[in-house]
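Enquirer: Based on the sequences and whatever the hints tell you, model everything.
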Amino acid sequence: MLILPVKVRQNTYALDTSRVIEVIPRVHLKEIPHTPEYVAGIFTYRGVIVPVIDLCMLLHNEPCAPLLGTRIVIVKYHGPGTEHILGLMAEQVTSIMETDQDSIKAAGVTAEAAPYLGDIITDQQEMIQLVMADALVPDALKEILFTDQKDLG
Amino acid sequence: MKLTLKYKIIGLVLIAAFLPVLVGLLVTGIQNWRISKIITGDINMLTREYVAQIAEDVHGLCKTADELVQTRVDNSLNVAHKILKEKGGVSVSSSQEVTWSAVNQYTKIAQTITVPKMYVGKEWCGHNRNFATRTPVVDDVKDLVGGTCTIFQRINEQGDMLRIATNVETLSKERAIGTFIPAVNPDGEVNPVVSSVLRGETYRGRAYVVNAWYITAYEPIKDRDGEVIGILYVGIKQEAVESLRNTIYGIKVGETGYVYVLGGTGAHRGHYIISKNGERDGEDISNIVDSEGTPFIQNIVNTALALTGGDVGFETYAWKNPGERKPRNKIVAIRYFEPWDWVIGAGIYEDDYYEIINKTLAELNRLFIWAMAGGGIILMIAVVIAMILGDKIVRPIENIISVSKKIARGDLFSAKQAVDVLHDSDTASDHGGLKTRIFSEDETQDLLTAIMGMTQNLHSLVGQVQHSGIQVTASTTQIAASARELETTVSQQAASTHEVVTTSKEISLTSRELANTMNEVGGVAVDTASLADSGRSDLEGMEGNIRQLMDATGSISSKLSMIREKANNIDTVITTINKVADQTNLLSLNASVEAEKAGEYGVGFSVVAREIRRLADQTAVATLDIEHMVKEMQSAVSSGVMEMDKFTEEVRVAVDNIGKISRQLELIIQRVQALPPRFEQVSEGMQSQSDSAQQISETMVQLNEAIQQTTLSLREFNSATEQLNEAARGLQNEVSRFKVSE
Chain G
4 MLILPVKVRQ NTYALDTSRV IEVIPRVHLK EIPHTPEYVA GIFTYRGVIV PVIDLCMLLH
64 NEPCAPLLGT RIVIVKYHGP GTEHILGLMA EQVTSIMETD QDSIKAAGVT AEAAPYLGDI
124 ITDQQEMIQL VMADALVPDA LKEILFTDQK DLG
Chain Z
299 MKLTLKYKII GLVLIAAFLP VLVGLLVTGI QNWRISKIIT GDINMLTREY VAQIAEDVHG
359 LCKTADELVQ TRVDNSLNVA HKILKEKGGV SVSSSQEVTW SAVNQYTKIA QTITVPKMYV
419 GKEWCGHNRN FATRTPVVDD VKDLVGGTCT IFQRINEQGD MLRIATNVET LSKERAIGTF
479 IPAVNPDGEV NPVVSSVLRG ETYRGRAYVV NAWYITAYEP IKDRDGEVIG ILYVGIKQEA
539 VESLRNTIYG IKVGETGYVY VLGGTGAHRG HYIISKNGER DGEDISNIVD SEGTPFIQNI
599 VNTALALTGG DVGFETYAWK NPGERKPRNK IVAIRYFEPW DWVIGAGIYE DDYYEIINKT
659 LAELNRLFIW AMAGGGIILM IAVVIAMILG DKIVRPIENI ISVSKKIARG DLFSAKQAVD
719 VLHDSDTASD HGGLKTRIFS EDETQDLLTA IMGMTQNLHS LVGQVQHSGI QVTASTTQIA
779 ASARELETTV SQQAASTHEV VTTSKEISLT SRELANTMNE VGGVAVDTAS LADSGRSDLE
839 GMEGNIRQLM DATGSISSKL SMIREKANNI DTVITTINKV ADQTNLLSLN ASVEAEKAGE
899 YGVGFSVVAR EIRRLADQTA VATLDIEHMV KEMQSAVSSG VMEMDKFTEE VRVAVDNIGK
959 ISRQLELIIQ RVQALPPRFE QVSEGMQSQS DSAQQISETM VQLNEAIQQT TLSLREFNSA
1019 TEQLNEAARG LQNEVSRFKV SE
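Protein sequence lines correspond, in order, to chains G and Z.
Add 3 to a position in the first sequence, counting from 1, and you land on the number used in the working numbering.
Add 298 to a position in the second sequence, counting from 1, and you land on the number used in the working numbering.
If you are wondering where the hints come from, they were derived from the structure by calculation, not from laboratory data.
Bear in mind that the values here come from a model prediction, so they are computed numbers and not experimental data.
All C-beta atoms, glycine included, are put in the ideal place defined by N, C-alpha and C.
Do not take every clue at face value.
[Unchecked claim] Partial list, computed: chain Z residues near chain G (C-beta under 8 Å):
#, residue
1, 876
2, 887
3, 890
4, 908
[To be verified] The list that follows gives simulated cross-link-like pairs (lysine to any residue, SDA-like), each with its CA atoms no further than 25 Å apart:
#, chain 1, residue 1, chain 2, residue 2
5, G, 79, Z, 838
6, Z, 857, Z, 867
7, Z, 944, Z, 838
8, G, 79, Z, 846
9, G, 10, Z, 895
10, Z, 383, Z, 426
11, Z, 895, G, 81
12, G, 33, Z, 884
13, G, 79, Z, 944
14, Z, 929, G, 94
15, Z, 944, Z, 842
16, Z, 895, G, 5
[To be verified] In silico contact screen, one side only, chain Z against chain G (beta carbon under 8 Å); selected entries:
#, residue
17, 880
18, 883
19, 888
20, 891
21, 894
22, 911
23, 915
24, 973
Expert: Set out below in structure tokens:
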């Protein structure tokens, strides 16, 4: 399985490349008022308004550093019965990793407030926790974020 | 005491009267004295001759008596000799001895001796001390001729002669036997009696036996062999003729004088042998002195012993008999009768013969007193006459004297009045009255007129002199005061001048020192200028160096700026590279993702993508390193630029400072170089000041001398003024005694 590791602070998380549409450089985002802070803003991706969630803010309540390595990963979001495009902003999105199925372990610990954190891949140097893109957006937010998005299906 | 004219006149008369009286008295007195002296001398002479004659007479009596006694001694010896012969001569027993306690007649030492008995004929002379018992021969001699007789026995070889039989009576009424005449006297001399007898000669002489003087003869008694075995002695009392003594007692010398006899030599020297009326016979008067302390008895004896032949000696002494009030002078004629050792004195009191002199003198004195009385009466008459005359002469002169005394006292006023009164009274009463008579004589009239004129002239003269004297005194006092002020001023001036001299001397000295100091300072200034000059040239070199340094710094700074620019360019390049690397990375990521999506077909592509991504990663890393290095370089350059800027600034400031210092130094050098000429000027000024001060000092000294001379002159002037003043004051004093008004 091919994963895209990202860094949130010192910890390394990873996204399944199968759900990655494209990795783009950090672009100017329009901020949306009255949204949670982890919602960095919106931008237009190939004609579609895509909301971007700041993983650093979400996971560690701190915005991502404005560096070249900080990039927006465009992923497919599968809601219940719907499919949307979502941008995830993280730091040091600069490499691709190949993992085999054996090294994927269940996390064992799940936090109620963070249902999007999944299995853990043990690499030679570090532990990489998978981030489930589908669980990233709470239901209350879905309506706000994807109002104008149609099923891309 | 002041002798007035009156008393002088009286005195003159008195002297005129007194002198003849005095001369008369003097002549009388001298004549008196001469007559009394002649009378006294003559009477003394007569007295001496008189007493000398008496002494000579007594001497003649004694001589006669002595010759009589000598005849008697010869007769007695002959009788004794005959008696001895008739009795059968003297013999010494050869068997019978007798023991005597023999006493040395000089030493009185007794010794017991045993001698053979001595016989006269067949009769032992015995040992008889008793007068009741007869002793042969000696008693016979006494019966026949009445003298003393003794038989001596020779008791030893030396010739000591022991009295064994005698008719001489001791004081205890015994026969004087048992004593012996030693052959040698205690004084070591040969006894004259014994030695004569032992030679077979008869010894004649005086001897003091028991208590009286005897005229004696000692005849040797010889045995049949002609050996002297004893002595036959006979002696007649010296004054055998009793009438001699009585005759001497009876001799009267003058009124109260008498004759006396003294012992001349030996133990009896100075003893009375015959005294007045025999009252003091035997008394020792050798040491008595007269009322003046003279040992006159010794003198008398000495005089007597010194007489030779028939000379008569004289002694005078003051003697006071018991019961008399005053000692009286006594004159003694002295004669020495040697055979008896008699000093015969015939003494007479001088005043026994003074009666005649006194009577004569009394007559002369009476004459003298009469002369004195007559003189006194003449004198009294002269005094009375002198007093009357003197009064007459003196009265007018006394009046004039009183006027003169007033003038002398200075009371000219009353003197004038008195003269006026006298004059008026003289002219007013022409006839009679004492005053007229007083000034009737020419001399006194002239005197009065002269006195009057003199008084009036004096009156006016003294008045003027008093006035002038006061003026002169006032003027001299003023002059003296002025002169004294002047003197004070001159003294002050002298003191000031002295101070100026001292000060100018000090100034001169100080100026000279200062000039020397200025010369030294000038030398120092020249040194300083040269030092500053070299300092300035050093500074200029340093400024050049610093300017070069500044230029170097500027070039370094521009080089650094260039480096910064280049570094910035590098940064841009790196950014570009970085962006490229980033794009490449992104591209590779997306390529990988697409390759994954492509599945099996995308495997190779995936590898390429991975390689690309690795390249991009390496590029990124390299650019990161470069960027890092460039960043460091940039910061280093920046700080270098900053440091260079700071340095440049400091150097610039230093250059400025050096420029300033250099300029200041130049100024200093200029000023210092300008100094020495000024110093020289100052020094010259000081020198001239010193010289000037010296000149001032000398001038001042001269001035001071002048002032001192002035002071001296002033002082002399002052003293002259003082003298003048004194004189004026004296004059005034003198004149002020004259009283010209009431």
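Enquirer: Could you work out which of the previously given hints the structure breaks and list their numbers from low to high?
Expert: Hints 5, 8, 13, 24 not satisfied by this model.
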